[in-house]
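S.K.: Sequence:
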Amino acid sequence: MGSQPSKGKECLSKIGRVSSQLRLKRALHKPKVFRTESAQGVCVSYTAAITGTGVFTPEQIITNAELVEAFNAYADKFNAENAEAIAAGEVVAKDHSSEEFIVKASGIEQRYVMDKEGVLDPDTMHPRLRQRGDDEPSIMAEMAVDAAKKALAQAGRDASEIDAVICAASNMERAYPAVAIEIQQLLGISGFAFDMNVACSSATFGLQAAADMLRSGSIRSAIVVNPEICSGHLEWRDRDCHFIFGDVATAVVLERVEDAKAGYFEIKSTRCATEFSNNIRNNNGFLRRSRPAGVVDRRDMQFMQNGRKVFKEVVPMVSQHITDHLSDIGVTSDNLKRLWLHQANKSMNDFIGRKVLGREPEAGEQPNILQDYANTSSAGSIIAFSKYSSDMTDGDMGLICSFGAGYSVGSVIVERHD
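First residue of the sequence shown: 0, per numbering that gives the first Met the number 0; consecutive thereafter.
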């Protein structure tokens, strides 16, 4: 069919009006009370709670020293093999990395990975993971199941008591069947399951999706898992980003407050927002083989970012998102005992903490785990929450926030109940 400019303009105009209406609706929306009509017409509402968390941590660690040694060996090899082209100005020589550079740029000191041998091999520079048969558990599902079992144990629940599984991660091992459904089967959960990808914000978006289903009464319980094999989509041969990511899996059990056992976090409110940007991108999609060049290992098939632009644009976006979310439900920053932020960059988190709190965060108010885990995409804020929430007492409030590619940002305000 030919193009229809007049209808296109009408469409764009309509989209603009709808967008304005949505922005107005978001500004007026106070996501504190959720009500639905039951089949009998009786107004019902439920409150969601986090009752358990779990973290799967790989056994293998790569220190900054090990990573720098491997990268510099690769850089030397590359420069030697391309000496003539470099001398002619046709190829740019690769600079060495250093431990000092990595810590200053990110605050990261080490990372956990599923395979360090391949990453540290100058001739490979990526993880080497065995291709599993279709009748074997996938690696992402296996990681998620480990974390899920820990979360279920903390919640005091059996897998048979869970109604839904959401696998929320920045990349999926395959297109289908959904990894979440495999996890559901491995755990022995009935009900339903689905995958979700909102990059680094996947965990908080998954929590909102699960909480909304709990609030509406469509389920009584759910588990959100975040298996992240970030080493698989990181370009370890790029000095600007070769240190950023690590591997991990996290899990969160959610239930209705009325079903929760002692020691839970009531979900007071959730909020998600997105704004399109190419500043964090990965072009490795299913149409890869349909391109004229065929299946090639292009640089844009792995994680790419414009770090300076990301910092400049995401920090104010996230800070404002959190501030608005708190204000809209009548919570002040003084009411917060803890901020569990996305673990991408220490400087970024410090800046957001100062903007939200209006002062320098005190020790323990904004815990970081990235020095040990690096950036684990969607799982980072959940690791921080899992490791730094047990000291919270009845009435203490905190905020979980993740943000990243998209751009996307999600926040979850919680209150402890003993």
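Simulated from the structure, these hints should not be mistaken for lab results. Each hint should be verified, as a subset may be incorrect.
Said to hold, decoys possible - DEER-style ranges, computed between Cβ atoms:
1. Asn282 x Val102: 25 to 33 angstroms
2. Arg307 x Val91: 14 to 22 angstroms
3. Arg307 x Leu286: 35 to 43 angstroms
What the hints assert, rightly or not - With a Cα cut of at most 30 angstroms, we get these calculated DSS-like pairs of lysine-lysine:
4. Lys267 x Lys93
5. Lys354 x Lys308
6. Lys354 x Lys386
7. Lys103 x Lys267
8. Lys345 x Lys103
9. Lys267 x Lys148
10. Lys148 x Lys260
11. Lys336 x Lys260
12. Lys386 x Lys148
13. Lys345 x Lys267
14. Lys93 x Lys76
15. Lys386 x Lys260
16. Lys308 x Lys149
Every residue, glycine too, gets a C-beta built ideally from N, C-alpha and C.
S.K.: Could you run down the list of hints and mark each one as holding or not?
M.R.: Results for each hint:
Evaluation of the 25 to 33 angstroms hint for Asn282 and Val102 yields a pass: the beta carbon distance comes to about 30 angstroms. One distance hint, 14 to 22 angstroms for the beta-carbon pair Arg307 and Val91, holds here, with the actual separation near 19 angstroms. The given range of 35 to 43 angstroms is broken by Arg307 and Leu286, whose C-beta atoms sit roughly 30 angstroms from each other. For the given pair, Lys267 sits about 50 angstroms from Lys93 by alpha-carbon distance, which is inconsistent with the 30 angstroms threshold.
The straight-line distance between the Cα atoms of Lys354 and Lys308 is roughly 18 angstroms, inside the 30 angstroms bound, and the hint therefore holds. About 24 angstroms separates the Cα atoms of Lys354 and Lys386, which keeps this hinted pair within 30 angstroms; it holds. Note on Lys103 and Lys267: the hinted pairing is violated, with a Cα-Cα distance of about 36 angstroms set against a maximum of 30 angstroms. A distance of roughly 9 angstroms separates the Cα atoms of Lys345 and Lys103; the hinted pair therefore holds under the 30 angstroms criterion.
At most 30 angstroms may separate the alpha-carbon atoms for a hinted pair to count; Lys267 and Lys148 meet this at roughly 26 angstroms. Restraint check: the Cα-Cα separation between Lys148 and Lys260 comes to about 17 angstroms, which is no more than 30 angstroms; the hinted pair holds. About 22 angstroms separates the Cα atoms of Lys336 and Lys260, which keeps this hinted pair within 30 angstroms; it holds. This hinted pair checks out: Lys386 and Lys148 have alpha carbons roughly 16 angstroms apart, not beyond 30 angstroms.
The hinted pair formed by Lys345 and Lys267 meets the criterion: a straight-line CA distance of about 27 angstroms does not exceed 30 angstroms. Between the alpha carbons of Lys93 and Lys76 the distance comes to roughly 10 angstroms, so the proposed pair stays at or under 30 angstroms and holds. Restraint check for Lys386 and Lys260: satisfied, since their Cα atoms lie roughly 20 angstroms apart, inside the 30 angstroms limit. Pair hint Lys308 plus Lys149 does not hold up; C-alpha atoms about 38 angstroms apart against a cutoff of 30 angstroms.
Hints 3, 4, 7 and 16 from the earlier list are contradicted by this structure; the remaining hints agree with it.
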